[in-house]
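Engineer: What follows is each chain in one-letter form.
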Amino acid sequence: MATVTAEGLKKFYGSVSALNDVSIKIDEGKLLTVIGPSGSGKTTLLRAIAGFVKLDEGRIYLDDEDITDVSPEKRNISMFFQNYALWPHMTVYDNVAYGLKLRKYPKKEIDERVRWALSLLDVEGLEDRKPNQLSGGQQQRIALARAIVVEPRVLLLDEPLSNLDAKIRLRIRFEIKALQQKLKLTTLYVTHDQEEALSIADEIAVMHEGRILQMGTPQEIYTRPSSLFVADFVGINNVIGVAVSNGGVRLGEMFIPVEKKSDGQEAVIVFRADEVRLAKEGTDAEPDEYAFGGVITGKLYMGSRYRYEIAVSDKTKVIANSPREFALNDRVTLCVKRDRVFVY
Amino acid sequence: MKKHRVALWLLKVAAVCFILFVIIGPLIGVVLWSFAIKWYWPHIIPQVMGVRYWMDVFHRGRVLDSILLSLEIASIVVVLSLVIAAPAAYGFSRYKLPLEKFLLVIFLMPQAFPQLPIFINIAAVFARHSLTGNMWGIIFVHTMASLVFSVWIITATFRSIPEELEQAALNLGASRFKTFFTITLPLAIPGLIASAIFVFLWSMGEFTGAFFIGAPYIQTAPVMMYTAAMGYNMQTASVVALILMIPSIAFMIIIEKYLKAEYIGGLGG
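These protein sequence lines map, in sequence, to chains A and B. With the first letter of the first sequence counted as 1, position 120 gets the number 119 in numbering that gives the first Met the number 0; the numbers rise by one all the way through. With the first letter of the second sequence counted as 1, position 233 gets the number 232 in numbering that gives the first Met the number 0; the numbers rise by one all the way through.
By construction, these hints were calculated from the structure, which means they are not laboratory data. Just so you know, even glycine gets a beta-carbon here, dropped at the ideal spot from N, CA and C. Where hints are given, some of them may not hold.
[Stated by the list, open to error] Within a straight-line C-alpha distance of at most 25 Å, the following computed PhoX-like cross-link-like pairs (lysine-lysine) qualify: (1) K73(A) to K177(B); (2) K53(A) to K177(B); (3) K129(A) to K256(B); (4) K181(A) to K166(A); (5) K100(A) to K73(A); (6) K53(A) to K73(A); (7) K53(A) to K256(B); (8) K129(A) to K177(B); (9) K336(A) to K316(A); (10) K177(B) to K106(A); (11) K166(A) to K259(A); (12) K107(A) to K177(B); (13) K73(A) to K29(A); (14) K177(B) to K100(A); (15) K95(B) to K103(A); (16) K95(B) to K9(A).
[As the list claims (entries may be wrong)] Sample of chain B residues with no beta-carbon within 10 Å of chain A, all distances over it, derived: (17) P25; (18) L63; (19) D64; (20) F101; (21) Q114; (22) P116; (23) R175; (24) K177; (25) L200; (26) P215; (27) T226.
[As the list claims (entries may be wrong)] Here are some, though not all, of the chain B residues that point toward chain A, as calculated from beta-carbon distances under 8 Å: (28) S159; (29) E163; (30) L164; (31) A168; (32) L169; (33) N170; (34) A173; (35) S174; (36) P185; (37) M251; (38) I253.
Okay, chain A solo, but in the shape it has when bound (with noise of 0.2 Å):
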């Protein structure tokens, strides 16, 4: 295993750029998730850490030894592909053999390897198949088995779990997390699915247009987004346009002082809906609390909670989950925590 430095990485398409001026750092042992939009750049990223890009600037550190100029076949680094990329002409043994073979194991031990690894990943007595006589959990697996077989010194993957039903998706996050800090496991794991990499990953960051706009512990990205854009694709549903005046910005009763910003300039609040504690209209607020009025207005039965569209004024509605039960056009008071409320 070891530590995976990149500084200052550049790739550009003609005048798009997909990479812009990114560095990273994965520790020894450590998960960390790219995330973004399509086209944020962080494939590129990840195939130009599997040396399947060629840069225009930048250097990629393995542990100190600079690997930006060795050819993707001499750097041990193994790439889950998104599509899995299992040769059909071959066995699922031939397939998960294929490297030690190429690594000269004797005979013996690649066989105990191959047995290993497709254990591991329990997915034994499959040897003699083909790709495509497996279902499409099956093959994740064998692809997974494939690189981690050869004990790479990186894990890249991409997208492992896009293309296989939410149900088998829930299950197969906990393995590969019990793989990874099992096999301790430096990984790079791609994804677009903000679920996903707040549950999977040490380390989270944030990928849009080439850059990257931050990057932290998973519980930081959740609670202090440093931007808009990351709190928006952190998963926060109420993101409400008002314009700044008397030094701050307003929601209903609430008031919220800007420092950054002077009076007469846009800004935006949000807040997730989970984050809202609906009660009676007249409830108190808690003292690390913002607290403000409003109408229901819709209402959805979400099964272990309800989700109401409540109108704060005139022209402003907000997302709210609740497991209370109110009634359309009940007046309810709205109270937020303080530190989950933010401004940009």
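Please build the complex by placing chain B on the supplied structure of chain A, with the hints as guidance.
Structural biologist: Below, chain B without anything else, positioned relative to chain A:
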């Protein structure tokens, strides 16, 4: 309602009969001719039948020699066209070459014009370099003309193999060379076989070039057939025609065996 159904049924039967007639009709004629010893108009089947001409073909050396020569030429042409076309096709499919479209069209050229004037010209040029009247002149011409099929077919085959499959091999430590021979080439086999069959059958049946460059010193099977038919020896021509169908049928069996839908379906990964 019922009338319609009967009419439709009759139409179907007529269509099937027509297709059978078109496909099998000439074949029946050839088979009959190959066994005919005496067959004059207006008899529908030969008056006297026997295997004399079959025996002749196998005993008199010239005819059998022509067939063997054609097989030899076609086999060498297949090997040459694969050896030349596969690397070229890989280049076309994987790298952005300058003038790519132009180069691909160049390969079309030998088939883009009427064959006769081209071969007469080639014959004139070859005569000066003593390439006429021998097997290698024909092989050269056949290889060149067959590159059209092979380059285009094999390029399409390589393009249909996802690049990720190669990258996955590189990623695990395989050299480019090793990747090509363990991943790309095995996956391209259906396309290579298709191309080989095409080239083989084309070379076996090609007449014009073989005639102008080979005749009269060497006779490929089609040239020999032509000569026999022109001398009103329909029997010998028919026997050779039937023998020439054997490789086609053999190849059809190979296609059945190797070009299974399952195998091709696996290409999509």
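Engineer: Now tell me if each hint is right for this structure.
Structural biologist: Against the structure, the hints come out as follows:
1. The hinted pair formed by K73(A) and K177(B) meets the criterion: a straight-line CA distance of about 13 Å does not exceed 25 Å.
2. For the proposed pair K53(A) and K177(B), the alpha carbon gap of about 22 Å is at most 25 Å, so the pair holds.
3. Straight-line distance between C-alpha atoms of K129(A) and K256(B) comes to about 18 Å, which keeps the hinted pair within the 25 Å bound.
4. At most 25 Å may separate the alpha-carbon atoms for a hinted pair to count; K181(A) and K166(A) meet this at roughly 23 Å.
5. The suggested pairing of K100(A) with K73(A) holds, with an alpha-carbon distance near 15 Å, which does not exceed 25 Å.
6. A distance of roughly 15 Å separates the Cα atoms of K53(A) and K73(A); the hinted pair therefore holds under the 25 Å criterion.
7. For the given pair, K53(A) sits about 42 Å from K256(B) by alpha-carbon distance, which is inconsistent with the 25 Å threshold.
8. Pair hint K129(A) plus K177(B) holds up; C-alpha atoms about 21 Å apart against a cutoff of 25 Å.
9. In summary, the hint linking K336(A) to K316(A) is supported, as the alpha carbons are separated by about 19 Å, within the 25 Å threshold.
10. Taken as a hint, the K177(B) and K106(A) pair is honoured in the structure, with Cα atoms around 19 Å apart against an allowance of 25 Å.
11. A distance of roughly 45 Å separates the Cα atoms of K166(A) and K259(A); the hinted pair therefore is violated under the 25 Å criterion.
12. As the CA atoms of K107(A) and K177(B) are separated by approximately 23 Å, the hinted pair is consistent with the 25 Å bound.
13. Our distance criterion of 25 Å between C-alpha atoms is met by K73(A) and K29(A), whose separation comes to about 22 Å.
14. Between K177(B) and K100(A) the CA atoms are separated by roughly 12 Å; this keeps the pair inside 25 Å, and the hint holds.
15. Simply put, K95(B) and K103(A) have alpha-carbon atoms about 34 Å apart, too far for the 25 Å limit, and the pair is violated.
16. At most 25 Å may separate the alpha-carbon atoms for a hinted pair to count; K95(B) and K9(A) meet this at roughly 23 Å.
17. Every C-beta of chain A lies more than 10 Å from that of P25(B), the closest at about 40 Å, which supports listing it as non-interface.
18. At roughly 40 Å, the least C-beta separation between L63(B) and chain A is larger than 10 Å, which holds for a residue marked as non-interface.
19. For D64(B), the non-interface assignment is confirmed: its Cβ lies about 41 Å from the closest Cβ of chain A, beyond the 10 Å cut-off.
20. F101(B), annotated as away from the interface, keeps every beta carbon of chain A farther than 10 Å; the closest lies near 23 Å.
21. For Q114(B), the non-interface assignment is confirmed: its Cβ lies about 38 Å from the closest Cβ of chain A, beyond the 10 Å cut-off.
22. Annotated as non-interface, P116(B) keeps its C-beta farther than 10 Å from every C-beta of chain A; the closest such distance is 45 Å.
23. The Cβ of R175(B) sits about 8 Å from the closest Cβ of chain A, inside the 10 Å cut-off, so the non-interface label is violated.
24. Residue-level check failed: K177(B) sits 7 Å from the nearest beta carbon of chain A, not beyond 10 Å.
25. With a cut of 10 Å on Cβ distances, L200(B) stays outside the contact zone with chain A, its closest approach being about 26 Å.
26. Non-interface status of P215(B) relative to chain A is upheld: no Cβ of that chain comes within 10 Å, the nearest being about 48 Å off.
27. Distance to chain A confirms T226(B) as a non-interface residue, since its nearest Cβ pair spans about 47 Å, more than 10 Å.
28. For the restraint placing S159(B) at the interface with chain A, the shortest Cβ-Cβ distance is roughly 12 Å, beyond the 8 Å limit, so the hint is violated.
29. Of the supplied interface hints, the one on E163(B) holds, with its beta-carbon coming within about 4 Å of a beta-carbon of chain A, less than 8 Å.
30. Checking L164(B) against chain A: minimum C-beta separation of about 5 Å stays under 8 Å; hint holds.
31. The criterion of a C-beta within 8 Å of any C-beta in chain A is met by A168(B), whose closest approach is roughly 7 Å, and the hint holds.
32. Interface restraint check for L169(B): the shortest CB-CB distance to chain A comes to about 5 Å, inside 8 Å, so the restraint holds.
33. At its closest, the beta carbon of N170(B) sits 5 Å from a beta carbon of chain A; the interface hint therefore holds under the 8 Å criterion.
34. For A173(B), the shortest C-beta to C-beta distance to chain A is roughly 6 Å, which falls under 8 Å, so the interface hint holds.
35. This hint holds: S174(B) has a C-beta 6 Å from the nearest C-beta of chain A, less than the 8 Å allowed.
36. The interface hint given for P185(B) holds, since its Cβ lies 5 Å from the closest Cβ of chain A, which is under the 8 Å cut-off.
37. Because the smallest distance between the Cβ of M251(B) and any Cβ of chain A comes to about 23 Å, over 8 Å, the interface hint for this residue is violated.
38. A cut of 8 Å between beta carbons decides the hint on I253(B): the least distance to chain A is about 18 Å, and the hint is violated.
Going down the numbered hints, you'll see the structure goes against 7, 11, 15, 23, 24, 28, 37 and 38, while the others check out.
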